[in-house]
Amino acid sequence: MTTSAAILPSAVRPRQALNWFGVAPFFLFALLFLILPTLNIVLGAFRNAEGQATLENLGKLFSPSIRAAFWISIELSLLTAALGCVFGFFIAAAITLGELPRWLRNAILTFSGVASNFAGVPLAFAFIATLGRLGFVTMLLRHWFGINLYGLGFNIVSFLGLALTYLYFQVPLMVLIITPALEGLRREWREAAESLGATGFQYWRLVALPILWPSLLGTLALLFANAFGAVATAIALTGSSLSIAPIVLFAQIRGDVLNDPHLGYAIAFAMIVLTAVANGIYILLRLRAERWVK
Amino acid sequence: MAFLDIHHLEKSFGAQRVVKDFNLGIEKGEFVSFLGPSGCGKTTVLRMVAGFEMPTSGAIRIDGRDVTGQPANRRKIGMVFQAYALFPNLTVEQNIGFGLRVAGEGKAETRVRVAEMLELIGLPQLGNRYPFQLSGGQQQRVALARALAVRPQVLLLDEPLSALDAKIRVSLREEIRRIQRELGITTIFVTHDQEEALSMSDRVVVMHQGVADQVGTPFEIYNRPATRFVAQFVGTLNLLDANLLDAAAGRIGLGDVPVALNRTLPGRTGDRVSLALRPETVALGRKEERNVVLSGHIAEVHFLGSVIRIRVAVAGQLVSLDTFNQPDRPPPSVGTPVEVSVSDRDLLVLAA
Amino acid sequence: MMGKRLWSWLAVVLGGIYFLLPLVGMFDFSLRMQRGGYSFEAYRIVLADTQFQQTFGYSVMLALLTIVLGILIVVPTAYFVRLRFPGLRPIVEFITLLPLVIPPIVIVFGYIRIYNTSSILPLTGSWWGTNILLVFGYATLSLPYMYRSVDTGLRTIDIASLTEAAQSLGSGWARILAVVILPNVFVSVLSGAFLTFAIVIGEYVFAALLNVNSFGPYMVWMGGNRAYEPSALAVVAFAITWVCMGLIQLFTRFSKFSTVRR
Ligand SMILES: Nc1ncnc2c1ncn2[C@@H]1O[C@H](COP(=O)(O)OP(=O)(O)O)[C@@H](O)[C@H]1O
Ligand SMILES: [Mg+2]
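Residue numbers (this note's numbering), protein chains in the order written: chain A, 1 to 294; chain B, 1 to 352; chain C, 1 to 262.
In short, the hints are calculated from the structure, not lab data. All values reported here derive from a predicted model rather than from experimental measurement. Be a bit skeptical, because a hint or two may be false.
What the hints assert, rightly or not - Quick list of in silico lysine-lysine cross-link-like pairs, DSBU-like style, CA-CA up to 35 Å:
hint, chain 1, residue 1, chain 2, residue 2
1, C, K4, B, K167
2, B, K167, B, K76
3, B, K167, B, K28
4, C, K4, B, K107
5, B, K76, B, K107
6, B, K107, B, K20
7, B, K20, B, K76
8, B, K76, B, K28
9, B, K20, C, K4
To be verified - Label pairs and their calculated CB-CB ranges:
hint, chain 1, residue 1, chain 2, residue 2, range
10, A, L28, C, A178, 14 to 24 Å
11, C, G3, B, S162, 27 to 37 Å
12, C, V13, B, A351, 49 to 59 Å
The C-beta atom is built at its ideal place from N, Cα and C for all residues, glycine as well.
My request is simple: use the sequences and hints to build the entire structure.
So, in structure tokens, the structure goes:
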């Protein structure tokens, strides 16, 4: 009895130390390759070349060209996030509530898994092959319907073209995230509302949408950040002819344009702020909207 | 014509016929239970009445109007679900006021009506809570108030007590019945619990494999079951194998013991039948008005507290009977030869 | 009722058109290299290109290393957090979600600043250093997916009992993790691994900014200089993504089957 009591504490102590040893690599890794690099950028945004504190770098963000680049980026991200949410919602609603065959639901979910990961360079190539000057659809429309897309002012290397391309990964991401939420809507809620005299519209406005609201907002923020950080697709699609924030930053880092690393810091900092704000808004709204959940 | 009239109702899901030729008339203000095992089609009938499911054929009339094709949101039918189904994003008050809100009722009237309903269900303090802050019993009361707030023509309850603890189940069932009487609302109550159905209802519909086996008052259902299924499903029952010795004279054979029932029986001489008798109709020893006497010996004794259940072996079969516990008289021991008596009117003959 | 189904089909069909056309377009374009008919000429050229073979093999290597690194970091962490440090859970989860919030280009910018030739840890100065940095960077990118998969896997097994059983048989931590825990969350780990593979194989921004000649920069270079080959490359990349996702599905289904049987 006494011996085991005497042995136990000393046996436990090294074990707890060992436990820390199990998680230490993770924190070291996160510190070195995630937190410190980001912190370096954030701090760098407030320093000049001599290492003194300054707001000058942030001021440079308001030069017309950079302001315009951010503005296009924000528009692009907001637009594709919003449209991604809307279209993704319709598709998810169709496969969960639309009385479609089961296999179709599974096929669409699998495809969404693929399409949401099919971003970057190959996606850009697929869209050039489809809607480029000699693309499949461009030719199809010209030969079969006599519609000249490029004559009408369309160009794949444009805001519209980029938005169309981004939707290819935004919509499936929305489908993947919102489908479980829609499946969480209980049939009885709808029936209870109906038996109380509510129309389908009233049910959606007063019950279903308020319940889904947190998930919808969360996905909107996620899609925004997703589009905002997407560089590879944009570069492969447009070269650097369309000046959006991540492409400007890319050029800055490469030193293609004026070599001012501190302007780069400021741009990167602004990008972090925007995505962080998007997620912050989401968390706040979610907390508010979820008062009624445990 | 009855207030709620269900006429030759049929429902199939694919090839599976779930409800078969279901007929029922319910009077205004009546409380009717659907009783039957799980999967027998109770919910399906209820959902067709509510308008959530389209009948394959047949008609449903409420107050003389055919509502068979009418969408659920125009039927003015209140529904209470097993799992409460309160809207989680709305407070108790908002839940109860939901029906009035979608009907475009004024704010002031809604508030008055909601307060009235909260009073009715005895939860006047909890108006601002969200459903997750309530116990199961409270949630189900709120669901009831929500269904009643719009003054529906018919109230439907689908196993509303099944998810609750035994104690709350009993108190809430009394409360539901009180509220139903107070409002005089026509009600269908679905349950698989015979005690619930018997204790609450004006009439009980016993369902079995999509068919209404018997419709009657709890007293009729219990004492005069129409089919073997009803007899077995409702209450505890002794079922003994017997054969018909003389249908016209009312004599049957229990093994080689002849029993005289003194009434004309259906069926032909020689048919195999089941003899059904409730444990509480059987007495130990000879009793004055019980004219059928059988002898056997005690096979099992189960002490259940206030009641002692004894099984007596008669002609090779076991007959259960209940006696009350008497502190000064211990129950007989196993193996003792005994006689049991029963009135011939309490012996039911059912097709085997 | 009827209307509902009609609208659903409409949504699915319109979605189907939008999602299938680029695939058709990409495939069609990749076959048009020779005038006057379809051929696999573009694929032949691409596959025969030594640059393709080199960069693709290189990226596969990077992906595999990233997966190993990710497993080494994530599995012990998820395990110990569940078993011994439930209080750390919110912090760890927050960290693993950060890569979804901070744009990758910002992260790699930070690397270039911190690990440049004039810093204490001049990783970008050498070939080895650069590649190590790249693998760690990719592990960062895949952290949200890897952690989520493994953590979900751990939730379905009773790690406390498994651990105690193993300890009572005298196993040490490393052994418990490798022999007891890892096989039990193998399917989840595989899901994370395939997802990681799909992300890393065509990654462009990290590789380009760290000046590594992997498959992503190669594709972009082809895109700028060739007409039909990029489509062939896109088809290949798409096929890889499909295979990865398909394998995830397959293994998940297989594991369900095996747990049912057990
Ligand atoms: N939507 C449906 N599709 C197919 N079969 C159904 C559906 N709803 C109910 N059923 C079947 O109908 C039968 C009766 O179900 P239900 O009315 O829910 O029974 P109860 O409420 O008496 O338990 C069951 O066998 C059930 O499987
Ligand atoms: Mg039911």
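**Q.** Structure versus earlier hints, numbers of those that do not hold, lowest first
**A.** 1 and 6
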